[in-house]
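Student: In case you want the letters, here they are:
2 protein chains.
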Amino acid sequence: MNKQDIQDVVYQVIERMQDSNQSSSEVPIGISARHCHLNKECLEELFGKGYELTSKAPLSQPGQFAANETVMIAGPRGSIEKVRILGPLRSVSQVEVSQTDAFQLGLKPPVRQSGHIEGSSPITIIGPKGSVYLDKGLIIAQAHIHMHPDDASYFNVKDKEVVAVGIDNGERKVTFEKTLIRVSEKYRLEMHIDTDEANSGAIKSGQYGHLKKVESTDV
Amino acid sequence: MNKQDIQDVVYQVIERMQDSNQSSSEVPIGISARHCHLNKECLEELFGKGYELTSKAPLSQPGQFAANETVMIAGPRGSIEKVRILGPLRSVSQVEVSQTDAFQLGLKPPVRQSGHIEGSSPITIIGPKGSVYLDKGLIIAQAHIHMHPDDASYFNVKDKEVVAVGIDNGERKVTFEKTLIRVSEKYRLEMHIDTDEANSGAIKSGQYGHLKKVESTDV
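Quick mapping for you: the protein sequence lines, in order, are chains C and R.
Heads up: the first sequence begins at 1 in my numbering, then just goes up one per residue.
Heads up: the second sequence begins at 1 in my numbering, then just goes up one per residue.
Since the hints were derived computationally from the structure, they do not count as laboratory data.
These numbers come from a predicted model, not from an experiment.
Heads up, some of the hints might be wrong.
The list cannot tell twin chains apart, which means a pair is met if one copy fits it or any two copies do.
Stated by the list, open to error - Simulated pairs of lysine-lysine, PhoX-like, Cα-Cα distance not exceeding 20 Å:
| no. | residue 1 | residue 2 |
| --- | --- | --- |
| 1 | 173 | 212 |
| 2 | 158 | 186 |
| 3 | 160 | 56 |
| 4 | 108 | 160 |
| 5 | 49 | 108 |
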């Protein structure tokens, strides 16, 4: 072994030691592409009376799935095809896009947590059997971490708390300082960021971020 | 004035006091859209023998300009039209895109500082009079701050140091932890981020970021 080899090995060992020291704050990352949630009324307008979503693949959150069905969404400047519907159906329809998508549509959606669509952007959804104009429902999702109450107690955080999460892939390192904690018995530990956030840090799904408490916590 | 009004005023006053406290670390942000730098040989291949760039608008860095001329760039999966050429000409051609653009092109450029193109991605550039295949030259630009030596001494940083810059626009707050300092007599203080980084923080050109020293500094 030459000097360079030894240096490389030492470096790798130190890296692993650091990783294991930090493991207590590690959260797996999932990247959310643009998608929509529909209510029964919308689904039937778009796909026909009595239509039911079919599951293409389960999502990491228990009971949630990516449907085979996709729609087109449109705004005043442009449209985006093949936007995946996530199931199951909800009581309120909502479309989540990135800022990059929003430019393409010509719309200015606010950054919101899921379900908080009051005052959000209007959006047109086009399906194979009809189209729907929602006067609100288009948002950019706020970065958030789904977790079970056991995780919340482990990380010492509570529902709706805002934390910082740093993600380092070697080339880029970025910290999302307004990451919302969402706690439910139904959730499995995973941080969700959108494609802009992922690209800003050259982040891939399955990487880990490091959770850090911040001073002013509540939204 | 009711209680809510008074609370709002107090909040605004505190915000401004905090702003003025932090002004010592403030850096203006500029967002770089995809662009290319060409050498004389490339320019002539693309636009014809003896062609010279014409200035559309000066850039914030003294002597630099956005040219009227644009090119198309292409990779194995797709192409992007109207990529702006920045002048003046350089000795080495280089194309800078976002990760979002890289997906569209079907290429995997590394994150690099400008000029460091060894081992970067190949890229095809198409102009009105011809096209060029570069076997390297496509990069994603590392976030960086241009500054004059006077700024460097003011911020207590040196050329090639890596710092963190936090940018808060209210909705999103993101910190770019690997921001490269670049010092030159010719530079004017400005941080450059790409469109993915801007979108991840809902950041607009002209906003300010807060510079923070980090522990391990040199690249």
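Student: Each hint needs a verdict: does it hold in this structure or not?
Tutor: Comparing the hints with the structure gives:
Both within a single protomer and between protomers do residue 173 and residue 212 lie at most 20 Å apart by alpha-carbon distance, with minima of 15 Å and 14 Å respectively. Taking CA atoms no more than 20 Å apart as the test, residue 158 paired with residue 186 passes inside one copy only; the shortest distance there is 15 Å, against 50 Å between copies. In this assembly of identical chains, residue 160 and residue 56 lie within 20 Å of each other by CA distance neither inside one copy nor across copies; the values are 31 Å within and 48 Å between. Neither within a single protomer nor between protomers do residue 108 and residue 160 lie at most 20 Å apart by alpha-carbon distance, with minima of 24 Å and 37 Å respectively.
For the identical chains of this complex, residue 49 and residue 108 are neighbours neither inside a copy (32 Å) nor across copies (45 Å), given an alpha-carbon limit of 20 Å.
The structure shown violates the earlier hints numbered 3, 4 and 5.
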